[in-house]
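Participant: Please arrange chain B on chain A, whose structure you already have, making use of the hints.
Residue numbers (this note's numbering), protein chains in the order written: chain A, 1 to 423; chain B, 1 to 899.
None of these hints come from the bench; they were simulated from the model. Keep in mind that the hints are not guaranteed to be accurate.
Below are the DSS-like pairs computed for lysine-lysine, each with C-alpha atoms no more than 27 Å apart in a straight line [claimed, not checked]:
id : chain 1 : residue 1 : chain 2 : residue 2
1  : B       : 410       : A       : 204
2  : A       : 374       : B       : 131
3  : B       : 403       : A       : 192
4  : B       : 494       : B       : 368
5  : A       : 35        : A       : 46
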Amino acid sequence: MEQPLTQHIPKDGGWLHLKDYEKVGGYQGLRKALKMTPKEVINLVKDAGLRGRGGAGFSTGLKWSLVPSPDQVPGPRYLVANGDEMEPGTFKDRLLLEGNPHQLIEGMIIGAYAIQAEFSYIFLRWGYQNAEKAILQAIQEAYEAGYLGKNILGSGFSHELSMHTSVGRYMCGEETALINALEGKRANPRAKPPFPVVSGFFGKPTVVNNIETLSNVPHILDKGVSWYKSLSKCEDGGTKLYGVSGKVKRPGLWELPLGTSFREILEEYAGGMRDGYQFKGALPGGGSTDFITAEHLDVAMDYNSVAKVGSRMGTGTIIVLDDRTCVVGMVLNLEHFFAQESCGWCTPCREGLPWTERLLQAIEEGQGRMEDLKIFDDLTRYMAPGHTFCALAPGAMEPLQSALKYFRADFERHIHEHRCPWK
Amino acid sequence: MATIYIDGNPYQVKDGDNLLSACLSLGFNLTYFCWHPALHSVGACRQCAIVRYRDENDTRGRIVMACMEQVADQARISLEAPEAKQFRAQNIESLMINHPHDCPVCDEGGECHLQDMTVMSGHNYRRYRFKKRTHLNQYLGPFLHHEMNRCIQCYRCVRFYNDYAEGKDFGVFAAHDDVYFGRFEPGVLENEFSGNLVEVCPTGVFTDKTLRKHYTRKWDLTNAPSICQQCGLGCNIIASERYGSLRRILSRYNGDVNGYFICDRGRFGYEYVNSERRIPHALKQEPAGNWQGLKKEIAIREIRDRIRAARKVIGIGSPRASLESNFLLRELVGADQFYAGIPEQEAKLIKEVLHILRHSGVRTPSLKETESYDAIFVLGEDVTNTAPMLALSLRQAAKNQPKEKARALKIADWNDAAIREVIQGQKGPLFIAAPSATRLDDAALATLQAHPDEIAKTGFAVAHQLDASAQGAELSASTEDFARRVAEALLAAKKPLVVAGTSLYSQAIIHAAANVAMALKKAGKDVGLFYTVPEVNSMGLMMMTDQYLEQAFHQVSSGEADMAIVVENDLYRRMPAHIVDAFFQKAKTVVVLDAIAHRTGERAHFVLPAGTFAEASGTVVNNEGRAQRFFQVYQPRNDIQSSWKWLQALAADDQLAVANLDEVISRLIACYPELEGIREAAPDARFRVGTQKIPREPHRYSGRTAMLAHIQVSEPKPPEDPDSPLSFTMEGYVGTPPAPLTPFFWSPGWNSVQAINKFQIEVGGPLHGGNPGKRLIEAAQQASMPYFTDVPPAVQQQADSWSIWPAYHIFGSDELSALSAPLQERMPASYLALSPADAKALQLQPGNSVEVNFHGQAIRFPIIIKPDLPGGYALVPKGWEATAGWIFPVQSTLKPVQA
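Extracted from the complex, chain A is given alone in its bound form:
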């Protein structure tokens, strides 16, 4: 099984320096890209079926193709790597950032070449301090080796890359809020349209891609579309970093073919549930996805299959709920996070999430009422996709609405018994 993204990451906790990266084929993708036209690069990535690994799963090549060409809109344009990984339960980009920063940098240069951007930024979560050190050094190495700067590898293409360490807001994971933060403004999302590909960073065309997405790009360029497609078990190309946290025997992170089944990840790689714990449900793609339950164990972990069972693949990092953990407490913990991370711009999110949190708190403390469940139903409908300014609140509602769907009895027990039965 090929693991192009992770196989060369040193096992000692260090990172793959330039020399070692080059030894295993590093920057070959870039060399090939620079010999192609930008349009050819975009089409290649489009054909490979690379979909955004940040959670939304939008076609990367298509996104790049939406950037107006310099003839249509002259002036600067930007590429931004979204390294603000703050989704609860998610730690996949961290591995790539800490272990293989050149792979990201190479992917960014290729992406920048495809959209003809002269500048790009890595927007990094504040807490990723080891990654910060590695990336800064890797950027330095890339400049020294001529992969960054003026006239890269004699191609005539010039590119400057720098890193911005964020002060840490979940909101910055949303691309337009990230752009605002990068501009030095409040991390509020922007209205779309106009999309960032038209008016982004400082009002210029901007592409924001996830770290894992960009890390796939060098390999597509280096080894081609059919190889890339062959990595996957589904119609979309490539591998995916899947993680599992919760009361499993071996919590961890693995690079597996896209479309590997949930059961395989849980049982083969995470080693199944710890002794004495029963699988009850899981959030398949981070904190802001709907629960799936035992009946969905055989779902393939790809964008379309997970959607079919009423959830989202999201970031592909699974949070497992077991029978000895209180689901109300788990959702409360999540809603506390989301309420706190709301930027305060639109009403449903700003007001609805704290109310949600307080209701859960009351239920968890034995102060719940049966009518609270009706309020939850109203709130989840109120904060549905399209009703709010960005996807934060609808995402926050996903674990709640699915918990109410699958584990309503647990909520009712809290209310009837005036206590948390798991405490």
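Facilitator: Frame of chain A, contents of chain B only:
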């Protein structure tokens, strides 16, 4: 136009609009908070949710925010769909989680947009049972009261204050349900337009602190449509009274003049109406120092006797008195004896402005129209302080060119946040040349600080660059560069605008501005020329007479005249004190009609209590040449009445003595055919809707039968108003009266100022029946005058003689508003400003004082050092006690005072 279907019915709406604005224009009641017709859409509050359908086969549709959706032909939407209604009610429920429900003790109660929207949404019972979040409030200065707990986070305040008015000392702090709108620490809000937060805020977070000191609910106020008297722009206002005192000023929407906003001088400068310095009854001073009160009839008889006995009576009018008051003075004393109560210098400048307006062939836009220009050159004016609302308009105009970039990206004009993201604070071609840095400089592409003569020369040079046949001027290299940039930008623009005014008393600047405008016109540009003038009726006054104050004084000093009647004028603010003193020494009888006790009144033999704009009706002409009517707000319970009514009583003409305002206007027009248009400033007193008058009081006005019960139990008959179709009662027509007669904005379900939507033909557009005011002067198609050639000579600095120029202050330079306590808190102390180099040369430091020799009198000023001054001249605040009556520029030595 596009056809859209709302709940199945077709409607014609404007292309390019957003659906919220389109629905409101059609008269639908759709709830909203963050959208504002002047601030446009950002989609934050989610209150205007509607259902939009893909096509006629789509029965489910999806919820969208109307404010963020573009009108499209054949679009199908529903306001009434149950899910949309439920969403809107739920959104209110969410907002109410933290709103304190303190309506009974909230200043906004009864005119609260949040109350209106809550009722409109149908939300009633709360389900939230936890604690509300609370905030600490801030001290924000003398104008605004801050009550953050009421905030519903619509972001309108920051969008007005920071984005629209471009204030810097306010913002949004923190995040999630803890967001806070205020200053980084308690303190005075600096921006000159901060008071608009009272109207922009949909609830009671920002309320009028001056109203709070004598609070009255909106429904208990007696209101009149009025015109702000505090500068020459003539912004439209609503003035409101209860129990005989003026309670507050609100902006009165006029799509041609001030739009939705007014400045803080206009809003908070009204307290002089309630001042202890008001004169309630007629007074007589004889012998000097011995004052006695007179009954109205006796005062009239005695003054009439004096007039009869006098050798010759002269009348001194005023630019702060109405056309009618000035006219009746003229009728009383005769045209030859009627003088404008301003010095020759100022009179001639305004005459020159009038001349240019008539003959330059260049259009003078209305105040609101200035926002449509795309390159602006300001010569000599610190507009924020001389014509404040112009500064707000020019800020918007300066964004027109940068906004083109957003248009190129097909971003709709209403998509406010998206436009700002594209333009990123980029400045448009606004150029300002003034004697010192101005408050508008931050919006300008380039500025020039120079001696007024140098500014004029720069203007001449710009005109010369645009058209070589216009007289040029020699400039220094750096000024030359500035002039070149200005000329290039004006020529590159579609609609260039030239702004100048009378504030520096420089005819050369006025001429230079005219030359620039005429040269642009010759170059085929759709150019505008906008002059500011000092006072509310400066233009009207100078349309009535060519005679000025020096000539009036000469009549008295030469002994030809022995009696003078002075209307609404403090002569000590017009001319140096020794000249006015000489006038009083010579005049046998001086009658002063004014509202406020001042030095001129103190020396008069008779003082008659004149009404302010609150107790009088009349017509004024603004800088644009627009005649506008203001109406009496209430009938005072003393002898105060409008000057023109006093003058009527003094007149020998029996017919004139009983004339109402309309008849006075008819007579006025007969004498001044050019003023014919003032009749159209408002419908006359015979106007009725059906048979009904228009009530000044809302139909919910309370306490009418009780408010005078301590004097008389039976309710007195309400006062009559022979001068207008407005009644001093709550009975009459409730609806949409003609715009000039609208005393307040109210519509069923719309108790807040947002009711204005119902009074406009379309949201943000003209008022029903047209915006109030009648333009009296329209430029001809072609110029009928040559270029001016009076280029000033090079500035020569004489050793030991400094030229001292006026610096203007929004709070303080206007005579009457400066008497209002809230404004006084914002007035700087008197000063004389020097450049750092000049101060050093004079061995002066901040805190030192200098003496200015003004006509032999030593006047002491504390020194301030302004790094923006280029040097060679000094500035003093205009209109301060120490500079009252100065004719600028003043030449004087500057003598350092030993501490």
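Participant: Each hint should be assessed against the structure and marked as holding or not.
Facilitator: Hint check results:
1. 410(B) <-> 204(A): holds, 14 Å
2. 374(A) <-> 131(B): holds, 20 Å
3. 403(B) <-> 192(A): OK: residue 403(B) and residue 192(A) at ~18 Å, within 27 Å.
4. 494(B) <-> 368(B): Holds, because 18 Å separates the two Cα atoms, which is no more than 27 Å.
5. 35(A) <-> 46(A): Cα-Cα ~18 Å, so holds.
When each numbered hint is compared with the structure, no violation occurs for any of them.
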